[in-house]
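Chemist: Going down the list, the sequences are from chains A and B.
As numbered in the working numbering, residues 1 to 322 make up the first sequence, in order.
As numbered in the working numbering, residues 323 to 701 make up the second sequence, in order.
Hints in this document: simulated from the structure, not taken from any laboratory.
Predicted model only: the values in this text are computed from it and were never measured.
We put the beta carbon where it would ideally sit given N, CA and C, even for glycine.
A hint or two may mislead.
Stated by the list, open to error - Incomplete in silico selection of chain A near chain B, CB under 8 angstroms:
1. R224
2. T229
3. D309
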Amino acid sequence: MAMFIGRRAAAAVFVLFTISVLVFLIFFATPGVDPAARIAGRNADPATLMQVRHEFGLDRPIPIRYGLMMEHLFVQRDLTSFVNRGALVIPQILQAVPVTLSLVAGAAVIWMVLGLLMGTAAAARRGTALDPLMMLLGVVGVSIPVYWLGEVVNLLTQSRWHSGLFSWVPPLGYVGLSQSPGQWALHLLFPWLTLAALYAGIYARIVRGEILEALNEDYVRTARAKGLTERRILIRHALRCSLIPVVSLFGLDFGALVGGSALLTEVVFGLPGVGKLTFDSLQNLDLPVIMGCVMYAAFFVVLANAVVDVLYAALDPRVRRA
Amino acid sequence: MPESSLVRETVRGAGAAGPESLLDVRDLTVSFRTRQGVVRAVDGLSFSLAPGEVLGIVGESGSGKSVSVMSLLGLIRDPNARVEGQALFRGRDLVAMRDKDLRPLRGREIAMIFQDPMTAMTPVYTVGWQIAEQIRAHDDVSKRVAHERAVELLDEVGIPDPRRRVGDFPHEFSGGMRQRAVIAMALANNPSLLIADEPTTALDVTTQAQILDLMRRLRVEHGSSIILITHDMGVVSDIADQVLVMYAGRAAEQGPKKDVFHRPRHPYTWGLLDSVPRPRAERVRRLPTIPGSPASPLDVAPGCPFAPRCRMRHERCDERPELAGGPAHVDACWLPRDRRQELRREVVEAAVAEGDPGDLTEHGAPLDASTPPAPEQGP
C-alpha cells in the first residue's frame, strides 16, 4: 500500500510539473503574446514597456522566469495577480474552492443516485415501456445545454414565478456551509439540479448498458440456477459488477468538474467558484491566476485518478494484487 | 407398415412415467423465432430418470443438449424462445410452471453446473460467500452457519486447506478448483437432481478424472440423480446408467448404457463410438470419422436429420424415422435391426479407407494425434 501511494505521488508530481511547463510555455513563450503590453495598457511607450518588463521580471530568460513563478506559487506562496496589483493568487483560489466543491459534490450525489436508479430500472424493465421512457428522459438531460437550462431555471425561479410557486428561492449567489447550512443548500439547490440533469442522463445510459451486458454473463446464469430472486441477481450480482467501470468514469468526471469544468453552471448561477475565477483570469490574460487555477485543476484531476484507482481495487478483487 | 405400430408403442415405452421416476420429460420441444424462421433446437425429446440414476446426454456441439436441460429450469431467457411439452419433476410440470414457482426448485431440488468454471462465479465475491449465498437462498440459517457449511462443502469436494481457501476469490482458484467450488455450491442444498452441462470439457484430463470421481461419489453419498451432458463418449461410459444420443435436437438413440455401448444401433452412435481410440482393441490404421459437419438447426433435413452425413443412407431416409426397437433400447433409423452389427463394420471400414491424413476428427484434432501410440511405432 505504501508503495502504491508512493508511486502515485511521484506520478502526480510528474504530471503537475509537465502541465505547469506546458501552461507556462503556452502563455509566456508563445510569439505574439506579450504580457507586458497587456499590463502596461494600450499605446504604452517603449520606455514604460521596458519598465514593466523589468518590474515583472519578464526580461529574464524563460527558465528563470518559470522557476521564479513556481517559487512564488509553491514556496513563498505570494504570487500576485498581474491585473489587480497586489492581489494574492492563492487566497483567491482557496476562496473559490469551497464554492466549486459544494456545487460539484451535491450535484454528484444527485446524479449518481438518479443515474443508478434510472439505469437499473431501465435494465430491469427491459422490453416494457419504462425502458425507452427512462432512456428518452436521459437523452433529454444530456442534450439540453447547461447554460440554457440554467437560464430557464433562473427565469422561472427568479423572475416569472418568483412571486408564486418559487417565492422561497433565494437570490443568486453563494452562502458558505459554515455560515448557514440551510441557506447553503437552498442557494445551491437549483445549480445542483441543473448540473446533475446532464450527468444523470449520461450515467443512466451507461449503467443500463453495463447491467444489460452483465445480465448476459455466465455468473448471472449461475446465480439464477442457484434459485436467487431476480432482484438479488440484478442488484447483488449484475449491478455490483457494473459499478466497476461506472466508478472509474465517475472519478474522472468529478475531478474534471472540481477542476473547473463546472464553469458554465457557476457563471449562470453567479457562483464565485474556480471555473468563474479561471474564466475571468483568461479574459484578462492574468497569467499568475491562470497558472494557479490550472495547477489547482490538474491537482484535482490527478487526485481523482488516484482515488479512482484505490476505489477500483476496493470494488474489483482481481486488480488488488497487481 | 409393420414398424409404425411398433413405433407408437415404443415411444410411449421410452418416455413412460414409472411411479419411481424422478424426472419424466415428454415430447420436449424448444424453438426460437429467428429472422430465418422458427428454429427447433430441441424437437420432441423424451426421457425419464429414476432416483439415483445417471443419464448421459451425448452429441456434437449444437445438437440441443444444453438447451434442452436449460429449458427444464426455465434458464432460457430469450424472449423469442418457446418451450413446449412436459417435464414432470416429482409429478409437477416444470415447463408449465411460472418463474416464481420454479425459483424455489432451482438450486434446492435441481442444481445445475455449467461448462466453463472460469466465468461461472461472480468475480467480486469470495468463493465462500457465494456458497453461503446458495445455502441461505433456500435455508433460513445464520451467516456463520452457512459459512461453516461452505468450509465443509469445500473440504468434501477436495479443496485443500478449505478454511483458508473459503475466503479466496474465484480468480485465485485454478480451473479444476473452480469447478469443484461450483460443484460444492451445487451440492449445498442436497439437490435430488444435479444437471452437469459439460462439467469437464474445459479442464485438463487429470482434473477431468478427479471431477468425474467426485460426481460418482456424490451419487453414492447423496443419492442424487445426475444428468450429465457431454460430447465425450469416454465420460459417458465411465459414469452413466442411461445414455441418450442426440443429433440435431432429436434423440438418435437411447437406452441403458450397456446396450448402447455394446450394441449401438444408430449410425451416428457408431460414428461417435468408433472415433474414440480404444487402446485394447485391434489396432486400426486410422480412426474413422463422421463425414461432414453437425446439422445446423436452421437447416435440418426433412427426413432423417443424420441422412446427409450417413454412409448407409437409402431412399427410406427421406422419411423421418421415429424412435423404435424398444422396450428399453430405442433408435431412430430405418436400417434393418437384425443386420446392424454387420453394417457397422462396413461403415467403419469405409470410413477408414476414405480417411485422409489431412482430415480432422469431430474434436478438431488432427487424426494422427488422436491415434493411440502402438508398440510398432516405437524406435
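Chemist: Each of the hints needs a verdict: does it hold here or not?
Modeler: We went through each hint and held it up to the structure:
{"no.": "1", "hint": "R224", "in the structure": "holds (6 angstroms)"}
{"no.": "2", "hint": "T229", "in the structure": "holds (7 angstroms)"}
{"no.": "3", "hint": "D309", "in the structure": "violated (17 angstroms)"}
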